[in-house]
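Enquirer: Sequence:
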Amino acid sequence: MLGLCLGLAGSIWAQVPAEQLTLSWTHTIEKVRWAEDYRILPDGFILEQARVKGSGAGMEIPADAVLIDGNWHYQPKLPVLPMLKLGRTPEAGDYQLCVSSANQEQQCQPMSFWVGEPTTAQPSIELWACDIQN
56 MLGLCLGLAG SIWAQVPAEQ LTLSWTHTIE KVRWAEDYRI LPDGFILEQA RVKGSGAGME
116 IPADAVLIDG NWHYQPKLPV LPMLKLGRTP EAGDYQLCVS SANQEQQCQP MSFWVGEPTT
176 AQPSIELWAC DIQN
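Mind the numbering: the sequence shown is residues 56 to 189 in our numbering, read in order.
Do not take every clue at face value.
What the hints assert, rightly or not - Lysine to aspartate or glutamate pairs mimicking EDC-like chemistry, simulated, CA-CA at most 20 Å apart: (1) 108 / 98; (2) 140 / 103; (3) 140 / 98; (4) 132 / 160; (5) 86 / 115; (6) 140 / 119; (7) 132 / 146; (8) 140 / 181; (9) 108 / 91; (10) 86 / 146; (11) 108 / 92; (12) 132 / 92; (13) 108 / 119; (14) 108 / 85; (15) 132 / 172.
Keep in mind the hints are simulated off the structure, nothing from the lab.
Based on the sequences and whatever the hints tell you, model everything.
Expert: What follows is the structure in structure tokens.
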């Protein structure tokens with residue numbers, strides 16, 4: 056079964072069965088909510104849609120974005136991303152990770168639900184697609 060692995064340098068800290076994920080966070084300086092929807096493939100992730108509440112430092116809204124319910128929605132045109140490497144520190148707060156698959160409803164939890172609280176000793180985490188054994 057395809058799923059999501061969370062860890063660092065190939066060391067698996069957690070595995071979550073999933074076919075899709077939404078990663079969301081609040082920008083540390085602008086305090087603006089950001090969300091990205093990914094489809095999980097055996098070789099990585101496809102970023103299908105992104106949403107942001109407003110622009111700011113390093114957060115320019117693309118020209119083709121559409122404002123829906125207070126969020127700018129757009130579809131980035133990126134190749135398959137083999138891995139997502141995320142900065143993760145106590146000062147920045149935690150990510151929210153929502154996962155779903157064909158046989159389960161979307162479940163949303165702070166990333167700390169699966170891998171513990173962010174720490175200054177471990178300021179990053181990697182996400183990659185992996186096979187999960189039942």
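Enquirer: Compare the structure with each hint and give your call.
Expert: Taking the hints in turn, this is what the structure says about them:
Proximity of residue 108 to residue 98 is assessed by CA-CA distance (about 30 Å); at most 20 Å being required, the pair is judged violated. Using a Cα cut-off of 20 Å, the hinted pair residue 140 and residue 103 holds, with the two alpha carbons roughly 18 Å apart. The hinted pair formed by residue 140 and residue 98 meets the criterion: a straight-line CA distance of about 15 Å does not exceed 20 Å. The straight-line distance between the Cα atoms of residue 132 and residue 160 is roughly 27 Å, outside the 20 Å bound, and the hint therefore fails.
Proposed proximity of residue 86 and residue 115 is supported: the alpha carbons are some 14 Å apart, at most 20 Å. Among the hinted pairs, residue 140 with residue 119 is inconsistent with the structure: their alpha-carbon atoms are about 26 Å apart, more than 20 Å. For the proposed pair residue 132 and residue 146, the alpha carbon gap of about 31 Å is over 20 Å, so the pair is violated. The suggested pairing of residue 140 with residue 181 holds, with an alpha-carbon distance near 4 Å, which does not exceed 20 Å.
Note on residue 108 and residue 91: the hinted pairing holds, with a Cα-Cα distance of about 12 Å set against a maximum of 20 Å. At roughly 13 Å between alpha-carbon atoms, residue 86 and residue 146 fall within 20 Å of each other, so this suggested pair holds. Proximity of residue 108 to residue 92 is assessed by CA-CA distance (about 15 Å); at most 20 Å being required, the pair is judged to hold. Among the hinted pairs, residue 132 with residue 92 is consistent with the structure: their alpha-carbon atoms are about 13 Å apart, no more than 20 Å.
As the CA atoms of residue 108 and residue 119 are separated by approximately 15 Å, the hinted pair is consistent with the 20 Å bound. Distance check on the hinted pair: residue 108 and residue 85 sit about 10 Å apart at the alpha-carbon level, within 20 Å; holds. Distance hint between residue 132 and residue 172 is unfulfilled; the C-alpha atoms sit about 32 Å from each other, more than 20 Å.
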